[in-house]
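Undergrad: Each residue of the sequence shown is one higher than the one before, starting from 1 at the first, in UniProt numbering.
Calculated directly from the structure, the hints in this document are not laboratory data.
Computed from a prediction, not measured in an experiment: that's the story for all the values here.
It is possible that part of the hints are untrue.
The calculated DSSO-like cross-link candidates involving lysine-lysine, where the alpha carbons are at most 30 angstroms apart (straight line), are [stated by the list, open to error]:
1) Lys180 with Lys97
2) Lys152 with Lys162
3) Lys205 with Lys142
4) Lys162 with Lys142
5) Lys162 with Lys205
The following label-pair restraints were derived from C-beta to C-beta distances [to be verified]:
6) Gln156 with Glu12: 20 to 30 angstroms
7) Ala93 with Tyr147: 28 to 38 angstroms
8) Gly146 with Glu26: 21 to 31 angstroms
9) Ala93 with His179: 30 to 40 angstroms
Beta carbons are placed, not taken as given, at the ideal position from N, Cα and C, and that holds for glycine.
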Amino acid sequence: MTGTTVELTALEASDSLLEDVRSLLEHHPASKLTGPGRPEAVPGVDPLLRACVALCYTAWEVYVEEALRETVEDLLNRHEAQTLPQALRDWVAGNAKTDPWAFAGDGWVDEVRNQLARRLDGNGGKYGFNTASTDGVITLYKQVLGYEPLTKVSWQGYSNSKVMRDIGTLVEVRGEIVHKGSTPGALNINGVRTWVAFVERLCRKFDSLLVKFRD
1 MTGTTVELTA
11 LEASDSLLED
21 VRSLLEHHPA
31 SKLTGPGRPE
41 AVPGVDPLLR
51 ACVALCYTAW
61 EVYVEEALRE
71 TVEDLLNRHE
81 AQTLPQALRD
91 WVAGNAKTDP
101 WAFAGDGWVD
111 EVRNQLARRL
121 DGNGGKYGFN
131 TASTDGVITL
141 YKQVLGYEPL
151 TKVSWQGYSN
161 SKVMRDIGTL
171 VEVRGEIVHK
181 GSTPGALNIN
191 GVRTWVAFVE
201 RLCRKFDSLL
211 VKFRD
């Protein structure tokens, strides 16, 4: 029997990756130890913790990309070419070889989708969206939508400046892991759990602002 591929929403895709991190942490030796003074780090398992942090970053990057695809697709489904956000119209027209809004029928829809795919995935030797840094995310969303939620994301106990700072730290740590196989500082299981909680809340707050933008 042939299986059916279920397309995940941006939040579902991010949540799935974070669930993988939780599963990995369950196999961390420190998670099996109890009692006062239990160690948070155990020799020989740093690679597991590094993999978990890298996955936390991936969950954020995947969310950023898929949420933008979802938003653009929602706009395409609910709008005519003339009523799309002006920033999106200008961005697509600026990258098209011919006027996309003059295409017959739904040709302009395909052009928008193709432009977005090239921006995110790269094409013809050009890299797409590389790093979900604060500047990268803000630039991407403002370029395509004329709107970016990131500078408005905050929650109780977490100001926007702290959100932005922690994204920067996550990007930095992930970069060290990928390029050097190490981290700027010590890693422990509770620290990784903190990253899981941060990315989960970050994606949900970002998503709620995007939903308001779509409406």
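Undergrad: Hint by hint, note whether the structure agrees.
TA: We went through each hint and held it up to the structure:
no.	hint	verdict
1	Lys180 with Lys97	41 angstroms, violated
2	Lys152 with Lys162	12 angstroms, holds
3	Lys205 with Lys142	18 angstroms, holds
4	Lys162 with Lys142	21 angstroms, holds
5	Lys162 with Lys205	14 angstroms, holds
6	Gln156 with Glu12: 20 to 30 angstroms	25 angstroms, holds
7	Ala93 with Tyr147: 28 to 38 angstroms	18 angstroms, violated
8	Gly146 with Glu26: 21 to 31 angstroms	43 angstroms, violated
9	Ala93 with His179: 30 to 40 angstroms	37 angstroms, holds
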